[in-house]
Amino acid sequence: MTLSTRTATAFVLAGLIAGAAAAEPIAASRGRWSGPIADRPAGGPGGAGRIELRFDGTADRFTVDFAGPGGSLVAGEFSAGKQKDVFGPPAAKGLMSFLGRGSAVNPLEGKPLAWARRDGETLIVYRLDLHGGAHRLDRLELKPSGERIGVVFERREHDRAPERFAASLERSAR
Amino acid sequence: MSRSSTLAAAGVLLLAALATPLPAFAADPTPALQPMLGVYLGRATVQDLDTRATEERDIDVEVTAFDRDGFRIRWVNVTLVDGRRNLPGVKRRVSELTFKPAKGRNFFVEVPQANVFAEREEVQPLGGDPVRWAVQDAAGLHVHSFVILGDGRYELQTYSRKRTDSGIVLHYERVVDGKLLRTIDGQAVRVE
Numbered sequence: 155m156t157l158s159t160r161t162a163t164a165f166v167l168a169g170l171i172a173g174a175a176a177a178e179p180i181a182a183s184r185g186r187w188s189g190p191i192a193d194r195p196a197g198g199p200g201g202a203g204r205i206e207l208r209f210d211g212t213a214d215r216f217t218v219d220f221a222g223p224g225g226s227l228v229a230g231e232f233s234a235g236k237q238k239d240v241f242g243p244p245a246a247k248g249l250m251s252f253l254g255r256g257s258a259v260n261p262l263e264g265k266p267l268a269w270a271r272r273d274g275e276t277l278i279v280y281r282l283d284l285h286g287g288a289h290r291l292d293r294l295e296l297k298p299s300g301e302r303i304g305v306v307f308e309r310r311e312h313d314r315a316p317e318r319f320a321a322s323l324e325r326s327a328r
Numbered sequence: 010m011s012r013s014s015t016l017a018a019a020g021v022l023l024l025a026a027l028a029t030p031l032p033a034f035a036a037d038p039t040p041a042l043q044p045m046l047g048v049y050l051g052r053a054t055v056q057d058l059d060t061r062a063t064e065e066r067d068i069d070v071e072v073t074a075f076d077r078d079g080f081r082i083r084w085v086n087v088t089l090v091d092g093r094r095n096l097p098g099v100k101r102r103v104s105e106l107t108f109k110p111a112k113g114r115n116f117f118v119e120v121p122q123a124n125v126f127a128e129r130e131e132v133q134p135l136g137g138d139p140v141r142w143a144v145q146d147a148a149g150l151h152v153h154s155f156v157i158l159g160d161g162r163y164e165l166q167t168y169s170r171k172r173t174d175s176g177i178v179l180h181y182e183r184v185v186d187g188k189l190l191r192t193i194d195g196q197a198v199r200v201e
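Note that the protein sequences, when read in sequence, are chains A and B. Using our numbering, you'd call the opening residue of the first sequence number 155 and step up by one each time. Using our numbering, you'd call the opening residue of the second sequence number 10 and step up by one each time.
Simulated from the structure, these hints should not be mistaken for lab results. Check the hints yourself; a few may be wrong.
[Claimed, not checked] Reference listing, derived: stretches of chain A covered by chain B, where coverage requires no fewer than 3 residues with Cβ under 8 Å from a Cβ of chain B: (1) 204 to 213; (2) 275 to 287; (3) 305 to 318.
We treat Cβ as the ideally placed atom computed from N, Cα and C, and that holds for glycine.
Could you put the whole structure together from the sequences, leaning on the hints where they help?
As structure tokens, then:
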């Protein structure tokens, strides 16, 4: 092997190592996580106590279930779509697909719209729900790092100031 | 079934129908909208929260009834130069949206602009189609416009027009992916 070939190989290996070190958020978020809310204004979403995250699936299709002591905050199933790093509801199958009902979800028709996007090492999950026109728009940011995952949750509702909290969750046993 | 029993059954059905409460909007939504209908003229201050830049604009808002139970809102913004509208650089923008009551729900949904050449298609929020709705409450009228951007972030614009004794107070917010980027606050009086 010549010096230039060795140098090129070293660069390729260094690149691979650097790539491996950067956590791919979908793979790195898989599992069950829990912990206390670190930073929450009084009366905010989630209630007092521990929060829990369950994440399962692959880079093409995954499920997220994020819950506080008061119940589910954000949950949904997502699959890769046409746009890179943007995930939407899984495409319809069977009769619904035959009838031309794709994966389009219109929140104005009463069904919450959930989607997600990947931004480097962070995965962000969204949910828009309309109850009688009073919207609730949730944004959940997940940033895994080894055996911990950082979460930031924000809720925007009609005619109310936005509420948000942050937490660092630990991987918990299955 | 005899004639008398048929009449009795019809009577029971009629009474049941009369006794069933109808949703407020299904009954006759126009009276609920009535106080908001009109033409309003005023001024507003636009604030860009990133750059802290502000600008003044004249606002002209017209709310009219649409198709018995819906409404149309048309607004003209004139961005002023040094507080004046007769100087070079002045900008004028006209926007219009039409809403009708959502079936069985107490809010309004946008009526798409008619286009005889286009096929009516399902709204695809993930494909970038805007989702627009309006809510009327005791304070006034709130119009929301939501869109998922190409990179998956969202943009939510909210226009709240609250009634006052002489007209309306306007508050607008533009939020992109959880960050408040722009506000507009102003007042307008009802044109006699």
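Each hint, compared with the structure:
Here's how the segment 204 to 213 of chain A fares: 0 of its residues keep a CB closer than 8 Å to some CB of chain B, so the rule of at least three is not met and the hint is violated. With a cut-off of 8 Å between beta carbons, the segment 275 to 287 of chain A has 6 residues touching chain B; three or more are needed, and the interface restraint holds. Coverage of a stretch by a chain is defined here by at least three residues with a beta carbon nearer than 8 Å to that chain's beta carbons; for the segment 305 to 318 of chain A and chain B the count is 5, and the condition holds.
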